[in-house]
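Engineer: Residue numbers (the UniProt record's numbering), protein chains in the order written: chain A, 1 to 208; chain B, 1 to 69; chain C, 1 to 246; chain D, 1 to 225.
Careful: at least some of the hints might be erroneous.
Said to hold, decoys possible - Calculated cross-link-like contacts (lysine to aspartate or glutamate; reagent style EDC-like; alpha-carbon spacing at most 20 angstroms):
no.	chain 1	residue 1	chain 2	residue 2
1	D	159	C	153
2	D	159	D	79
3	C	85	D	79
4	C	116	B	13
The set of hints was computed from the structure by calculation and includes no laboratory data.
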Amino acid sequence: MTAATRPVLLEARDLGLARGGRQLFESLTLTCNSGDWIHLQGANGTGKTSLLRILAGLSRLGFEGEVSCMAELLYLGHHSAVKPLLTPRENLAMHLSGAIQRDAAAIDHALAAVDLYGYENRPCNSLSAGQQRRVNLARLYLSEAPLWLLDEPYTAIDVGGVQRLEARMAEHIADGGGIIMTSHQRVSQPGVSTVSLDEAASQHGAES
Amino acid sequence: MYFDSFQAALSMDGHGTYVWVAYAITLAVLAWIVIAPRRRARNTLTQLADEARRQEGAAAKAKGEEVNT
Amino acid sequence: MWSFFHKLGSPPWLYRISGSILRWLLPLTIVALFAGAVWGLLFTPPDFRQGNSYRIIYIHVPAAVVALAGYYVMAIAGAISLIWKMKMADVALRASAPIGAALTFIALVTGAIWGKPTWGTWWVWDARITSMLILLFLYLGIIALYEAYDNKEAAGKACAVLALVGTVNIPIIYKSVDWWYSLHQPASIKFTGESTIDPSMLYPLLFMITAFYALFTCCLLLNMRAELLSRERRTGWIARLVAESR
Amino acid sequence: MNATTFFMLIVRRQLLLAVRRPIEIANPLLFFLMVIVLFPLGLGPAPAQLATFAPGIFWIVVLLANLLTADTLFRSDFDDGSLEQLLLSRQPLYLSALAAITAHWLLTGVLLALVSPVFALMLNLAPSAIPTLMGALLLGSAVLSLLGGVGAALTVGLKRGGMLISLLILPLYLPVLIFGHGAVVASVGGLPVAPYLAILGAMLCLAIALAPLAMALGLRISVDA
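Whole structure, please, built from the sequences with the hints as guidance.
Structural biologist: Listed below in structure tokens is the structure:
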């Protein structure tokens, strides 16, 4: 499929953000079509998370430019949105995000896929930090949202977990979804395009 | 003028203290709400001017070092 | 009309135009306030029941009237800020809160002082006084909420929401308090119909109310200018302004 | 997923979370009990005097209990990122906020109304006034929860929101205090109570219509800041 025929999931024009008197990025234009896998790179403090929050529509104040999001999205942020008092099963069945399958069989299947088979009915506060993160990642197997915005999805996940995660993301792309993600690790999959925020900042530095 | 003398105006048949104190407090508060924002604006301007001065100084210094090397 | 709106949204334009308005409006207002005070204090006859203590009316009523109007100014600014996302509306909202609070404070204090010779006590839980006290709380709430946010743009929006919630509530609060204390004086100034106050007392009162409105406008502009300077300190037009002033 | 299902989902979720930590449910009730105990100690135990003050005491304590719990309404969902997920869900935030408030009301207002007869008898309130007290509490506490939700939504992003929320919403609570108290006093005096309950009901309708809108705006601002 050529880019022209693929539906646009998200379009961002001329984004600019300044924090504390420092220009993080400027005139950043980004389009995510169906089938696009975009990796946002940048050192700490270059505004990756801020950019992702702007794209998700969580930040609406204090930036320049326009974001139009045409698809329902799944956002995986720094906070896991996992309730320690609920079991993994309940956490997913009562998750507050939309566009997610909630039937018991699908949830059990998703929990098995993130290696939480047998932990379905334990309250999450008895799980380890990595396991709690995986409860959150199980949403990737339940989501019906075409666009995924993932902030550091590999944090606290072991090597095997990362491989399974990448396989799931590749599957999502093949299904015509789109992914915009941040990660300090290299994403070893074909077809990943990279947007570097270091460059966005240094370009600006060169101009001024 | 309604009052016969300055004394009468001050005492206002015994109510003078109340009336004059009320007016004095009002004057103080009104003066404060006029002066406070002006002072705040002046402070900001002074800070910004100082900042500009510092930057000019730093730029001049950098230039001087360039010439020296 | 739209270009005027657009200009209003532009900080440098607002800063310049407010400067030239204040240049004549502020001195005029101060003169008017003093003239009105002298008129009310020295050139009006005393009230036949309350004697001279009634002269506090010339500051008490204008302060109360403008304090209440100030809340509506704030709420309208809040609505504009939320609907049209106009930054200047946030600034206006922030600017009117302390003035409103100060005027409410004046109304309360002068009311208490007036109460001593009239009712023989500093404070009665009369409907109007109680309502003014609640208005003061509403103003202080706005100021406190604004100060609690680090992100001033978010602070402006949050205050806009709170001001609108307050606006819906003010009539309800007033009616409740009114009902709660049904033994209150009937409103003594009416702009339509017959007036129960003698013209020799009414004219200075209306004059003072106008002067207080003018003062509110002046303070609003002064506060907005101060707020603009600190909010826009990183922008080019401020840098030019600083360069010019040096 | 349609809006009604989502509404019920949030209510169930909030109730389940509360049931898993029962002390959260008990806290406002214990607070209610303990503050009520303070009044006979402070005012003296004379039954007639207590009976005069009982309606006022009730309403003030309900106000305070509501205020205390309002701050926690969105706090944990904000801290763990659930609130972000809710904002992204494309479900009408108006209904989601209303659902959270419904759960809060069930856990505070309704429970307080249910236990209020016991406290009413302890304060020597005329037994004939108890049905009115319960009805007024049910209506009034729903308004309080809605207003408290507005305060909570506006302050949830702030670290020191606890004290601020009382400054923001206590003035808004006053009409409920006045008419809720009026209803009980009228009932004790044998006067018709329907007008008071009707006014409380009207306030509730207005609050249901408008408060979730303010909450939705407030939550967006708080998540943004």
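Engineer: When the structure is checked against the list of hints, which entries are broken? Sort them ascending.
Structural biologist: Hint 3 alone not satisfied by this model.
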